[in-house]
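S.K.: Spelled out, the chains give:
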Amino acid sequence: MTELRRDLAIISDWIKPNCRILDLGCGNGTLLKHLRDTRGVNGYGLEIDTDKIITCLNNNINVIQTDLDAGLSVFDSDSFDYIVMSQTLQAIYRPDLLIEEMLRVGREGIVTFPNFGHWKARLHIALGGHMPVYGAISYEWYNTPNIHLCTLSDFEKLCKDKGIKILQREVVTTEHKSSIAMRVLPNLLGELALYRFTKK
Amino acid sequence: MPDSIPTDSIGIVSPSVQKFTTPLALDCGRELKEYELIYETYGELNTDKSNAVLICHALSSDHHAAGYHSMEDKKPGWWDNCIGPGKPIDTNRFFVISLNNLGGCSGSTGPITINPDTGKPYGPDFPIVTVKDWVRSQARLADVLGIDQFAAVIGGSLGGMQALQWAIDFPDRLRHSVIIAAAPLLSTQNIAFNDVARQAIMTDPEFHAGHYYEHNTIPKHGLMIARMLGHITYLSDDAMRGKFGRELREGKLNYNFDIEFQVESYLRYQGELFINRFDANTYLLMTKALDYFDPAADYDDDLSKALANIKSKSLIISFTSDWRFSPERSLEIVKALHDNDKDFSYIEVEAEQGHDAFLMKIPYYMDTFSAYMANVK
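First to last, the protein sequences are chains A and B. Counted the way our numbering counts, the first sequence spans residues 2 to 201. Counted the way our numbering counts, the second sequence spans residues 1091 to 1467.
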């Protein structure tokens, strides 16, 4: 098996074996396949991209074709241990509502997103005077799917406002590396943020 | 007529008939003392008999799902798009069984069959059969063929309902169920459409309370209207507009009640084709089987409870423009499967063809269907 992307490896470590998860925007099903094969975790992936859905089926992953912006109404409350959303939050029409939905349907939520507070993003705007285009957010402003970019501080404020308790936080670079400096100045040095959270 | 058999076709096929002499008890309280089922098979059964796939047909189709009966055939079987070498239901890997259901008019025992008790066709006296009855009769055919467990039971529309019923009634006898363009039960609107179709047939003066065979006639106007109505519900508004628009057959309005718009011509043509191949009493029975289908009814009207004991993995497929059995109806099945933490995938195919899309070669449909079937072992 090829080595798992660093952010997915961190998520895997956060998830207890033999539980049920729902992976929002599951892509090719890489995380679900890894969790199924190594930790006995079962669940479903939600995806809208047709090519990725075909790959999921090829990988024998349970995939449900759906638009996350339509919500999770098909799922009953508290039906999963974890709801995971990896690098999808920023492309959602109303991230605040979807996070609420995540904690309705699951016991804990895990999200990862590109940190708009990273020094590169700040430099692009402050000195370049243009929208940042690099690494995890390598789109032009007019064609980006990332309509709700935020910083670590922004996300943590949203959690505070909504009474959500953050259980764990990690930051990594787009090469999915982690360092001590990043732990000291996560909002400046972390390119990708990872959070595990629950209802208070 | 095909000039030559396409390389991805199963080729020339011929049906077999299996006679059953053990009475079959039916949901309606009556029984069939003896009956025959006509079926076709495609591909080879492997030595441990583990690669069998059962195809369940929809309202007006039959056992001839793939290949050609002769070089004179204009068209292959009704699901040739999906069954054949290298197709989603790959006959290089699977042994495919496709039968005509009880009550049908293509060779299995039905209203046009001679009733051994009277020496006359059953006609309207043929008992009402349900999806559960069909599933029981199909299981008996599997017994005869030595198949303990199907690799998959697959169907679209009313066929998908049979696949769902299979998963519920015989959880140990299938590993996968593929339920396409179906619903867990009919909506009020669906039942209403079916009743209009039945009324069209039953009020035709040639119907003779179902005994039209004895009068050497058929209720062709009624059957034709029933088919025309059905056809409207199989197509989407967009598909009809795309195909016919408001095009006039003669290019001008004639201010009379003859066929003027192309869509009228098309529907009547479809209706006429149908009366030559389908029996009106069978049509009545099939619509009733649809109306009665409600597997949750045996489980306190709770579909989640009905699916609690299924063991098969499932693939559910719906089509965006299908308003007969819309994606929302498939999602009811999805929800019940998820309530029970069952393994399944759900695909919603973007398609403008309406309910009929399940018969068509839509690339994304074929790709997802094939990808799922590749993992059916």
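No lab work stands behind these hints: they were computed from the structure. Please note that the accuracy of each hint is not assured.
Said to hold, decoys possible - Counterexamples of contact, computed for chain A against chain B with all Cβ distances above 12 Å:
#1 K17
#2 L47
#3 E102
#4 G130
#5 T145
#6 L153
As the list claims (entries may be wrong) - Below are the PhoX-like pairs computed for lysine-lysine, each with C-alpha atoms no more than 20 Å apart in a straight line:
#7 K1425(B) - K1395(B)
#8 K1222(B) - K34(A)
#9 K34(A) - K53(A)
#10 K1123(B) - K1222(B)
#11 K1425(B) - K1401(B)
#12 K34(A) - K1123(B)
On a predicted model such as this, the values are computed, not experimentally measured, just so you know. Just so it is clear, CB atoms sit at the ideal spot from N, CA and C, and this is done for glycine as well.
S.K.: Can you name, in rising order, the numbers of the hints this structure does not satisfy?
M.R.: 2, 8 and 12
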